[in-house]
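Trainee: Please build the complex by placing chains B and C on the supplied structure of chain A, with the hints as guidance.
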Amino acid sequence: MSTVDEHEKDVPSEDSGGKSPSPPEQKGKATAYVIFFFFVGLIASLIVGWIIFPQLLYSQKKQPIDFNHALHVDLTGDCSSCHYFRTDGTFSGVPTLWGCIDCHEEVQGDDPEEEKFVTEYVWEYKEVPWLVYSRQPDCVFFSHAAHVLNGGMDCVTCHGHIGESEHTRIYEENRITGYSRDIWGRNISGFKRNSWDRMKMDDCADCHEEARDSATKDEPRAPLGRLIDNVIRVGFPGTYADNKGGSVQTQRGACFKCHQ
Amino acid sequence: MKQERPKKFGMVIDLDKCTGCGACMVACMSENNVPFKPDETDKLTSITWMRVYELNNGKPFPETDVCYLPRPCQQCEGHHGHSPCVSVCPATATDYGMETGIVSQIYTRCFGCRYCMAACPYHVRYFNWWDPVWPDGMEKYLNPNVSVRMRGVVEKCSFCYHRYQSAKDRATYEYAEGDRDSLELGEDEYQTACTQACPAGAIIFGDLNNPDHRVHQIAQPDEKHGGRPKNPHAFRLLERLGTNPKVYYLSNRDWVRRQGDNTLAGEGKLKRH
Amino acid sequence: MSFIIGGAAGTALSPLPWKLTDDLSIWTQMWPWTPVPPDGEISYDGSTCTLCPGGCGIQVRKVDRRAVKIEGTPGHPINDGGICILGLSGLQLLYGPTRVKGPMKQTGGRGSGRWVPVSWEEALEEVAGRLAEIRDQGRPESLAVFSGNRRGTIPAMLTRFLTAYGSPNIVTGASLADSYELALHRMQGVQASAGLDLDQTDFLLSFGSGVLDGWGSPVRMFRTNSALKDGRGRLVQLEPRLSNTAAKADQWISINPGTEAALALGLAHVIVLEKRYRAQFVNEFGGGFDAFKQMVMSGYAPETVAQITGVDAKTIVTLARDFSKASMPAAVCGRGAGDTPGSMNEVFAVHALNALVGAVNSAGGVWAVPEPVEYPWPEPEMDETAARGMQAGRLDGAGQGRYTATSSRPEQFFEAIRDGEGYPLEALFVVEANPCYSQRDPETVNAALAKIPYVVSFSSFLDETARNADLILPNHVYLERYEDVVNPGVFNRPFVGLVQPVVDPQFNTRNVGDVIIELAQGLGEPVGGAFPWDSYEDCLEQAYEEQWDALTGDGFWMDEDFTPAGWPEAFETASGKFEFLPEGLEGGYAPLEIEGASGEYPLVLVPYDSMRVSTGYIGNPPFMTKTVSDTVLKGDALLVEVNPKTAAQLGLSEGSRAVLTTAKDSVDVRVHLYEGLMPGLVAMAKGFGHTAYDKYLAGKGSNVNRLIGPVQDPVSGLDAAWGVRAKLTRA
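Chains as they are written, first to last, in the numbering used here: chain A, 1 to 260; chain B, 1 to 273; chain C, 1 to 731.
Only chain A is shown next, with the shape it has when bound in the complex:
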């Protein structure tokens, strides 16, 4: 091969006075560029994905009134004075004005938020448009009675330590779906540290599977093992002889248990 000829074709005719890199070096430089841009792209997209995306995705909203839970819990004792079961077994959820009027017909203290509440809402008979962190889609049926009364669960397991807060948290609303960030989880990757960090179907399933496994005295399995089990159950029904779940397709308790 005539290196010189090649060289003549490739290299610009003028004498730049700078270095004229040799082919291996040039190749290496190109590779270096590739690797460099690759990492630039990688890091940029990682930054976008992990940091910028969450900021864009969630809008920050304030609750209409900055409610002090700790103060009220001190006065009333526990969660169930305002968040109670009705006689038909339904859960009252976020209280309506009716529950607050007993005490707040007149301004009780000197907090400007309370004054705003009494003047703009109580006296106008206007319900406060609270933003509910735990709001689930319409298709979900959740029975507080089954979990709290039957299952003996406490509020904190799913709702976190709201009762101890002195101010209402910022409601971060997902701009696409309209649901609170508390549903998917504060962590954009969806990993949770506490049981109250997330409230999606899989989180309900986590707890139910643990309960089911312990009820049938199976060894509690690691998440991956359970995942594989579930895939096999759904994809190849009948592989496992058991019928613990009580339904045919999913062996898991028919959908209507939790959906409506």
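Hints were generated in silico from the structure; no laboratory data involved. Hints are not guaranteed to be accurate.
[To be verified] Not everything, but these chain A residues come out facing chain C in the computed CB check (under 7 Å):
| no. | residue |
| --- | --- |
| 1 | V34 |
| 2 | F37 |
| 3 | F38 |
| 4 | G41 |
| 5 | L42 |
| 6 | S45 |
| 7 | L46 |
| 8 | W50 |
| 9 | F53 |
| 10 | L56 |
| 11 | E172 |
| 12 | T177 |
| 13 | G185 |
| 14 | I188 |
| 15 | S189 |
[What the hints assert, rightly or not] As a list, the in silico DSBU-like pairs of lysine-lysine whose alpha-carbon atoms are at most 35 Å apart:
| no. | chain 1 | residue 1 | chain 2 | residue 2 |
| --- | --- | --- | --- | --- |
| 16 | A | K200 | C | K62 |
| 17 | A | K116 | C | K101 |
| 18 | C | K275 | C | K293 |
| 19 | B | K140 | C | K695 |
| 20 | C | K645 | B | K43 |
| 21 | A | K61 | A | K192 |
| 22 | C | K62 | C | K101 |
| 23 | C | K695 | C | K451 |
| 24 | B | K43 | B | K140 |
| 25 | C | K634 | B | K59 |
| 26 | C | K62 | C | K19 |
| 27 | C | K727 | C | K634 |
| 28 | C | K727 | B | K37 |
| 29 | C | K695 | B | K43 |
| 30 | A | K61 | A | K200 |
| 31 | A | K62 | C | K62 |
| 32 | B | K37 | C | K62 |
| 33 | B | K140 | A | K116 |
| 34 | C | K325 | B | K59 |
| 35 | C | K664 | C | K451 |
| 36 | C | K314 | C | K275 |
| 37 | B | K140 | A | K61 |
| 38 | C | K645 | C | K727 |
| 39 | B | K59 | C | K645 |
| 40 | C | K229 | C | K105 |
Note that beta-carbon positions come from the ideal geometry of N, C-alpha and C, so glycine has one too.
Mentor: Here is chains B and C on its own, set in the frame of chain A:
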């Protein structure tokens, strides 16, 4: 939370009392947020979870006779829970619950392939070809206990499962308060909207497995023969398909009972399944 | 390029695509136009349904303050938890788009559709001004009120208003209840409603009554039928069409339409001949029985009756025996749902049949039920103007001459105005009625309204009459208002149902009772003096003072201990006995001539009622229209029923387009072949052909009332037409 004995919710519909008034149809539509369109005369696309059919004996005037047959979802059990629709759903949007015998339908999983509609021999499944439109203000009467469907999903009668959920909630509360001894529901604590509304009392609803419930006493399902009724006046639709449905019909009239299944010309006494 | 690859890799490692996919899948399932009903506290409020004269008790399930479901009240004496298809659809009337949202004036002239909302103050000022003007001109009798209901405090207040004002023209819609009352008046000498002791009846013989098609009190009739089916007894249906009632009956006997009275007399013949009548009643309390016996024996042998009615003689004899052998039989009449008065000849004949078997004021039979309450209102004071106005005499001729016992003749009212008879009207109020649609021959009503300078509708909906009015003062819908339901359809005890508000008024509407009080008080003395209440609610509470606790507690008041007068005390006729042959039955069977020459119109058109279609003031809600079969309504076309033999003769087949013509009008229809209909007849569903309301109801089918004109009954002066001659030709 284990149940003592699995329930099998079913219905007995007395076709000699049914007057064809249609109250069950509207009770269901009102309870379950079923949409309506300006023109509902195309019955292939008209969504009626509960539908009243008109049967006739084919005789000329004046021997003509007509019978009205209300048809909810039959909640087929098939063999061990393999209903026709459950067996074909690719999205696991429908499932058979072993504890209640009710076939559930989850609108959020359904992607509208309509395989279940093809599989169902009773045409109880309906597809939302269009988004529901509630005129100006009518969305206020929607029932919050039943999710509102958008277009593209299949829907069907659920034996008012939301009423079962509510009844259990109430029972749980009362049990926790010490006002009742057990979480078991009484026969009249869970009744479907159609049963409750029927002005003629032609529909009876209850647990087919419970010997104290009227549906069991009237239909007398025969466990050893796929649940077919021992009551000679009772019959199920398309019995011989083996779908093992949970809706039993009563009639004193022979011609009505015979129309419960498809027959060949000249076929004599129907062979039992 | 590598930047892109790097970007892609990084994106894949970041949660962005996964989260975005999850979010988008949620987003695609939540279009903003798919409503999500808000959750809330569930409560139940009781009331009484007013959508038909049945009077069922309802409980309305509410979520917070929204009504979401209407259910029947368990334990209620009329419906015991059951509810009919119309009652269930009530929420579509409450929240529907055809609600009139506030007072409106039609500024572009009637029928223009140019409505301008006005405030209540403005509207009432205008009306009060007109009313004062009419009075000042010394012609108070030229104000008329057309009320759909006849009983209860609202019609009573309307009457009271007109009396104090000086007008006799309170016109109420007439129905079978009027005919039954007239029958009780003529044959028993009492002023009472007819009730049926359905808890005990073991043989119900129906002369064309839609027992399961809306007659009487529908849910109560259904429960009775179910009890009969459970072994208590039998239902026999006599009519030319296999209606739902006929299909459920233990026996369906097809009979030539219009000949029911002849059959009743034929049955009477057999019963008298074979001495199967209740001797204790007939011998001691049967006034005019000899003449009656003479009449039925001479003219109504089974063979003769067979010729008239088309029912064979053997069936007549067997039926007569079965009916008289039952221990608690009852015969009823009044075609379909009974919303037309019908022929008195027929009602007399059937009631005479009842008397023959002793089914008068006895177990399982027809009871004379008095008014539950007399309102404690003093006679309204009338000034000179009013007194003179009252002398003018009613435009409809009711209560005078031949028709002293008839309180109102709506057909004659509209005809008189149309024809300019009597004196001209200046103003008309229409309350809880839609005569421009539901009166037979609506063209007469339209023509009459055109001659009245000022028409005010109190309708809650923009119906045909409201469209033809100058001003609408919308009433609350029944779920938003107080009212009373008195002695509902064939209930056999004095009964008052309380209608209570279940939700707040959705729009700027007012209870017509409150409006009347305000208008009256605005007119000053003496009209205002007759209305001393602050509100209609006060008036209602005062009217039912003794019963108020029961009304507000149970939702109804019923005289539980009521028993009908025993035979010795029951009859207040001149003879003190039951009159078997009142005037109108003396000549035996007197068939009603239906309109049309048989040569030109070879068929007979009979309208029919169905539970699935509302035919009166309430327009069919979308839920109910949805349940109508595609053999009745297909697209916008109404299908009329024709027997296949008749259709073949006319060259018509299933679904054929045809033109149905009568002497009154002509409409386009399609044909449905029905073996359940007697040959030679055409059956057409009532309740369709609306031109007002919205796309869910307007333009579907045709209004059968256009095809049938009223035929005056010689005894009651009310409309007795049961059909009309017609022809059906291929389109």
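Trainee: Next step is simple, just say for each hint if it's right about the structure.
Mentor: Now for the hints, and whether the structure bears them out:
no. : hint             : in the structure
1   : V34              : 4 Å, holds
2   : F37              : 4 Å, holds
3   : F38              : 4 Å, holds
4   : G41              : 3 Å, holds
5   : L42              : 4 Å, holds
6   : S45              : 3 Å, holds
7   : L46              : 4 Å, holds
8   : W50              : 5 Å, holds
9   : F53              : 5 Å, holds
10  : L56              : 10 Å, violated
11  : E172             : 13 Å, violated
12  : T177             : 4 Å, holds
13  : G185             : 10 Å, violated
14  : I188             : 5 Å, holds
15  : S189             : 5 Å, holds
16  : K200/A to K62/C  : 30 Å, holds
17  : K116/A to K101/C : 34 Å, holds
18  : K275/C to K293/C : 11 Å, holds
19  : K140/B to K695/C : 20 Å, holds
20  : K645/C to K43/B  : 28 Å, holds
21  : K61/A to K192/A  : 23 Å, holds
22  : K62/C to K101/C  : 22 Å, holds
23  : K695/C to K451/C : 30 Å, holds
24  : K43/B to K140/B  : 27 Å, holds
25  : K634/C to K59/B  : 25 Å, holds
26  : K62/C to K19/C   : 38 Å, violated
27  : K727/C to K634/C : 22 Å, holds
28  : K727/C to K37/B  : 34 Å, holds
29  : K695/C to K43/B  : 18 Å, holds
30  : K61/A to K200/A  : 21 Å, holds
31  : K62/A to K62/C   : 31 Å, holds
32  : K37/B to K62/C   : 25 Å, holds
33  : K140/B to K116/A : 30 Å, holds
34  : K325/C to K59/B  : 31 Å, holds
35  : K664/C to K451/C : 21 Å, holds
36  : K314/C to K275/C : 18 Å, holds
37  : K140/B to K61/A  : 27 Å, holds
38  : K645/C to K727/C : 15 Å, holds
39  : K59/B to K645/C  : 13 Å, holds
40  : K229/C to K105/C : 54 Å, violated
Checked against the numbered hints given earlier, this structure breaks hints 10, 11, 13, 26 and 40; the rest are met.
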